[in-house]
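J.: The hints should help you fit chain H onto chain V, whose structure is shown.
There are 2 protein chains.
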Amino acid sequence: MKFIQSVQNEKVKEWKKLTAKKGRDKAGQFIVEGFHLVEEALKKDYVSVLIVDEHIEIPHGWNVDNQEIYHVSSAVAKALAETETTQGIFAICDQKQLDASSYSRVLLLDGVQDPGNIGTIIRTADAAGVELIVCGNGCVDVYNGKSLRSTQGSIFHIPVIKGDLQEWIPKLQAQGITVYGTSLQDARDYREVELSERYALVMGNEGNGVSAVVLQQCNQNLYIPILGEAESLNVTVATGILLYQFCK
Amino acid sequence: MKFIQSVQNEKVKEWKKLTAKKGRDKAGQFIVEGFHLVEEALKKDYVSVLIVDEHIEIPHGWNVDNQEIYHVSSAVAKALAETETTQGIFAICDQKQLDASSYSRVLLLDGVQDPGNIGTIIRTADAAGVELIVCGNGCVDVYNGKSLRSTQGSIFHIPVIKGDLQEWIPKLQAQGITVYGTSLQDARDYREVELSERYALVMGNEGNGVSAVVLQQCNQNLYIPILGEAESLNVTVATGILLYQFCK
Numbered sequence: 001m002k003f004i005q006s007v008q009n010e011k012v013k014e015w016k017k018l019t020a021k022k023g024r025d026k027a028g029q030f031i032v033e034g035f036h037l038v039e040e041a042l043k044k045d046y047v048s049v050l051i052v053d054e055h056i057e058i059p060h061g062w063n064v065d066n067q068e069i070y071h072v073s074s075a076v077a078k079a080l081a082e083t084e085t086t087q088g089i090f091a092i093c094d095q096k097q098l099d100a101s102s103y104s105r106v107l108l109l110d111g112v113q114d115p116g117n118i119g120t121i122i123r124t125a126d127a128a129g130v131e132l133i134v135c136g137n138g139c140v141d142v143y144n145g146k147s148l149r150s151t152q153g154s155i156f157h158i159p160v161i162k163g164d165l166q167e168w169i170p171k172l173q174a175q176g177i178t179v180y181g182t183s184l185q186d187a188r189d190y191r192e193v194e195l196s197e198r199y200a201l202v203m204g205n206e207g208n209g210v211s212a213v214v215l216q217q218c219n220q221n222l223y224i225p226i227l228g229e230a231e232s233l234n235v236t237v238a239t240g241i242l243l244y245q246f247c248k
Numbered sequence: 249m250k251f252i253q254s255v256q257n258e259k260v261k262e263w264k265k266l267t268a269k270k271g272r273d274k275a276g277q278f279i280v281e282g283f284h285l286v287e288e289a290l291k292k293d294y295v296s297v298l299i300v301d302e303h304i305e306i307p308h309g310w311n312v313d314n315q316e317i318y319h320v321s322s323a324v325a326k327a328l329a330e331t332e333t334t335q336g337i338f339a340i341c342d343q344k345q346l347d348a349s350s351y352s353r354v355l356l357l358d359g360v361q362d363p364g365n366i367g368t369i370i371r372t373a374d375a376a377g378v379e380l381i382v383c384g385n386g387c388v389d390v391y392n393g394k395s396l397r398s399t400q401g402s403i404f405h406i407p408v409i410k411g412d413l414q415e416w417i418p419k420l421q422a423q424g425i426t427v428y429g430t431s432l433q434d435a436r437d438y439r440e441v442e443l444s445e446r447y448a449l450v451m452g453n454e455g456n457g458v459s460a461v462v463l464q465q466c467n468q469n470l471y472i473p474i475l476g477e478a479e480s481l482n483v484t485v486a487t488g489i490l491l492y493q494f495c496k
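Top line first, the protein sequences correspond to chains V and H. For the first sequence, position 228 matches number 228 in our numbering, and the numbering has no gaps at all. For any residue, its number in our numbering is found by taking its place in the second sequence, counting from 1, and adding 248.
Since the hints were made in silico from the structure, they are not lab data. Worth double-checking, as some hints may not be accurate.
[Unchecked claim] Footprint (simulated), chain H over chain V, 3 or more residues, beta carbon under 8 Å:
hint	segment
1	118 to 127
2	224 to 235
[To be verified] Cβ pair distances, simulated, as ranges:
hint	chain 1	residue 1	chain 2	residue 2	range
3	V	Q166	H	G309	32 to 42 Å
4	H	E477	V	G23	22 to 32 Å
5	V	S74	H	G309	55 to 65 Å
This one's a predicted model, so the numbers in the text were calculated from it and none came from an experiment. Backbone N, C-alpha and C define an ideal beta-carbon position, used for all residues, glycine too.
Looking at chain V on its own, in the form it has when it is part of the complex:
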């Protein structure tokens, strides 16, 4: 059994770096916290290292055979925690890399900036049966603590990768996938379009929507009509409405 007492330990410093985007990008890893997220990560074979507060017991049902485990002092657990009251259990996870191959239901995100929004969008896409999510260049890093918590584990249910949307769109189209943008201009009411079963949907930035250059690449742009006086819908809500339209 490996045990770490001190917050000055080199391993702890290395793990702590994963709470910042720079450290995550460099290592190709991220850190999750709490029983629910760690359990989902284990089930889906994302976990490189499991870290447990010495006062915490690993739940009986978990399969941690052949799993590298570190027990740590509460001081170390607190140092790693991004929440105020930590559950004292963490996993170091590997970021996945994937190619465009065989996905029929894809969500592309163009400049989604709010960590809570991107997390909730991932959770919503999981519920709606999406098979792949590609986060374009302008998106907030999905591996930050708040985003990961907002996914409620869905980050481990479907592959979520970073990529250049302008490269992905033609690749998807070449495989017979119809790519739908979202826009208030030059777009059709989503309820009046016969949607393709093999689709990619592009959702955009909270304030500015999908960028013009990406919209031009799409096969068809959609909008959700506003029936009252609201100026717009929240991007997570709009994503849910559109993705469930593809489920009919």
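T.: Frame of chain V; chain H shown alone:
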């Protein structure tokens, strides 16, 4: 022109009380902040008092004839502000009281606890053409600063009132309105139900959903199928999906 220099002024103390639920309940008023929300409040005749930082100019297009206006020092503006960088403009607004009379599209909220969620739900309901929102007893106060900001002005577009859902449901039913609950048990897939044009939809608490006693009063309970591995949908997203289903 009325001017207040000191944060110790009695008016300022009175207004400041509206940043807490107790003060709002007692006065039957609430306070909003920022150009966008204040403008919406003015348009819809909600404003009792307009409060403006002495360094801020009231926009030319605004109709503030016959409007009681206080100019205040920046110290007073900062004392009233609930945001870190205030725009220095505030409105004291009256809470509306309404009866059940003639609404055809109603949203009932049962124990929605998160201020951001309830605000986004109000915004979504506005977009989807809802005419009345009733917040049941267990809901967070919609007049707190975070909720108001999350509505992005929709709080002034449709009446949002507090009420006892167990009293409202039979009243609405007596007017021929079909009341739909949301539940994972004893419920039908929302896509397979022929929805009534005159409806009330009940959305529930983030963790526990709609309470059992309320579900029993509903005419029909609905659920949104989960196609992937997510355990549930965020309540704001679920509200959007269901409300837009009524718009078909």
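J.: The structure should be examined with respect to each hint, and the outcome stated for every one.
T.: Structure-based check of all given hints:
1. Counting residues of the segment 118 to 127 of chain V whose beta carbon lies closer than 8 Å to any beta carbon of chain H gives 6, which reaches the threshold of three, so the coverage claim holds.
2. Counting residues of the segment 224 to 235 of chain V whose CB lies closer than 8 Å to any CB of chain H gives 11, so the stated coverage by that chain holds, three being the minimum.
3. Between Q166 of chain V and G309 of chain H, the C-beta spacing of about 40 Å keeps the proposed range 32 to 42 Å intact.
4. For the pair E477 of chain H and G23 of chain V, the beta carbons lie near 28 Å from each other, so the given range of 22 to 32 Å is met.
5. Checked against the hint of 55 to 65 Å, the C-beta distance between S74 of chain V and G309 of chain H comes to roughly 58 Å, which is consistent with it.
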